[in-house]
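S.K.: Residue numbers (the working numbering), protein chains in the order written: chain A, 12 to 195; chain B, -5 to 240.
Just so you know, the hints here were simulated from the structure itself, not pulled from any lab data. Treat the hints with care, as some may be off.
Said to hold, decoys possible - Label pairs and their calculated CB-CB ranges:
#, chain 1, residue 1, chain 2, residue 2, range
1, B, 20, A, 172, 40 to 46 Å
2, B, 87, A, 169, 43 to 49 Å
3, A, 169, B, 82, 17 to 23 Å
4, B, 81, A, 90, 42 to 48 Å
5, A, 79, B, 94, 26 to 32 Å
6, A, 25, B, 92, 18 to 24 Å
Stated by the list, open to error - Taking beta-carbon pairs under 8 Å as the criterion, some of the chain A residues facing chain B (in silico):
#, residue
7, 34
8, 37
9, 56
10, 64
11, 72
12, 74
13, 75
14, 131
15, 139
16, 140
17, 144
18, 166
19, 181
20, 182
21, 188
As the list claims (entries may be wrong) - Facing chain A, according to a computed beta carbon distance under 8 Å, are these residues of chain B, among others:
#, residue
22, 14
23, 37
24, 40
25, 42
26, 54
27, 58
28, 60
29, 99
30, 100
31, 101
32, 102
33, 106
34, 119
What you are looking at is a predicted structure, and each value in this text was computed from that prediction instead of being measured. C-beta: ideal position from N, C-alpha, C; glycine also.
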Amino acid sequence: MITEEFASLLAAAQCGNEAAFSRLWRDANPALLRYLRVIAPGAEEDVAAETWVQVVRGLRSFRGDEQAWRAWLFTTARRRAIDLARHRSRRPEAPLDDIAVAQMPSTEDSAEAALEHLSTVAAIALVSGLPRLQAEVILLRVVAGLDTDSVARLLRKSPGAVRVAAHRGLRRLAQLTADAGVTL
Amino acid sequence: MPNSPHSPLQDGPAVTDADLEALLAGNRDVAPRLWPVADVLAALSTAPSRGELTGEARALAEFRRRTSVPRRHARPGTAGLRTKAAAGAAAAVVVLGGAATAAFADVLPAPIQRFAHDAIGAPYEPSARPPGPARGKTAAPGPFASHGPPQASAKPPGKGGNPNRPGQEEPGTGQGQQGNGQGQQGNGQGQPGVGPGQPGNGQGIPRGTGQYGDPRPQGRQGNPHPQATPAASHARPARHRPAVDT
């Protein structure tokens, strides 16, 4: 999160300042990729690139604070991911056997991998084992830094439903880590 | 809410919603059994790896491409003004072109046609068109005004003209046409005394009082059945009752 500098960076980027846009991109793109690894596995970089193209197109007309900026960014990414999923469902390109095993979420394997080496990738894999809504809510709250209301608008759910999904997802994560015998 | 009846979460102190909210807020001050979850969430938010920044060049290229063109026209509204100016110019070209075409086709009303004649050399034949109303003007007698006495004979109406039908460019329509200032009135060829509804004038002497044509003929009624040969095929019925009508 950029916080204090965000307004000036956004204004500069909207005026065409490349360095300011680079700061915004560097701040948001890693979180974007981590989110997309869960909702668009295997296509996160392409979807992220399309998302930034959309964002650049609408950058001048954007108005809002950093929370709104991130909400816009992740909403755009989510729509692109949904479009991609629809496209793939209409025109499947590869049989299931050809998909790399690492790209297929598996709760047990992901949990073991995460516990062996709690890297970012392993943590993402662990979260990927959650039900879709719970995983999305946790990622949008933790990775994207959005509050409950923003997540609710993004997912078109009620704030209560978002809160419940987040709590269930966290309890499920606790269950997974406890089942794996992790003690800290 | 544990998902398994044998969940270790049930063995210790209950995990409260406050703990879970604290986890989401990045706070590690939670129940010890939630520490592994806190580690997972912390791992989700670590510093970006190098691989997560590889697409910057592509994004910057798109940014450069999108912002370089508007920057040249940086002033807001300039593009809109140019668009409007271009649209206005196109509309003007269409209108002027149409007007010029109409002028050369000689289909414009007389005053406008005359103006077009003066301006762009469009054809203009005063005798070939009915004189327009000279509003507010009392035209001086034309050069032929004194030629010949007005003839009281009737003159057939123009082609297709119905002397009894008002509103067809014929006198007697109540439109109040005065001398047209074209010097054609009372030229001796004009045929005063026309059919019904046409006040004869034949003199071409305009009424200085601005008298408008009376839709009801006051002059001698011409014979609607022409007995006299029209003086000329192009002669038009006079519009006014001649000043000297006796």
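S.K.: Holds or violated: residue 119 of chain B as interface residue toward chain A, Cβ cutoff 8 Å?
M.R.: Residue 119 of chain B check fails; min Cβ-Cβ to chain A is 61 Å, beyond 8 Å.
S.K.: Can you verify the interface hint for residue 106 of chain B: is its Cβ closer than 8 Å to any Cβ in chain A?
M.R.: Violated - the Cβ of residue 106 of chain B stays beyond 8 Å from chain A, reaching only about 48 Å at its closest.
S.K.: Mind checking the CB of residue 102 of chain B against every CB in chain A and telling me if the closest is under 8 Å?
M.R.: violated (49 Å)
S.K.: Verify the CB-CB distance for residue 20 of chain B and residue 172 of chain A against the hinted window 40 to 46 Å.
M.R.: Since residue 20 of chain B and residue 172 of chain A have Cβ atoms about 22 Å apart, the given range 40 to 46 Å is violated.
S.K.: Is the hint on residue 37 of chain A kept, meaning its closest Cβ partner in chain B is under 8 Å away?
M.R.: holds (6 Å)
S.K.: Against chain B, with CB atoms and a cut of 8 Å, does the hint on residue 75 of chain A hold up?
M.R.: violated (19 Å)
S.K.: Per the CB criterion, is residue 60 of chain B less than 8 Å away from chain A?
M.R.: holds (5 Å)
S.K.: Quick check on residue 181 of chain A please, does its C-beta sit within 8 Å of some C-beta on chain B?
M.R.: Because about 5 Å separates residue 181 of chain A from the closest Cβ in chain B, which is inside the 8 Å limit, the hint holds.
S.K.: Next item in the hint list is residue 166 of chain A. Is there a CB on chain B closer than 8 Å to its CB?
M.R.: With a closest approach of 15 Å, the residue 166 of chain A hint is violated.
S.K.: Taking 8 Å as the limit, does the beta-carbon of residue 34 of chain A come near enough to a beta-carbon in chain B?
M.R.: violated (11 Å)
S.K.: With 8 Å as the cut and Cβ atoms as the points, is residue 144 of chain A at the interface with chain B?
M.R.: violated (14 Å)
S.K.: For the pair residue 25 of chain A and residue 92 of chain B, does the Cβ-Cβ distance stay inside 18 to 24 Å?
M.R.: For residue 92 of chain B against residue 25 of chain A, whose Cβ atoms are near 45 Å apart, the range 18 to 24 Å is violated.
The structure shown violates the earlier hints numbered 1, 2, 3, 4, 5, 6, 7, 11, 12, 13, 15, 16, 17, 18, 29, 30, 31, 32, 33, 34.
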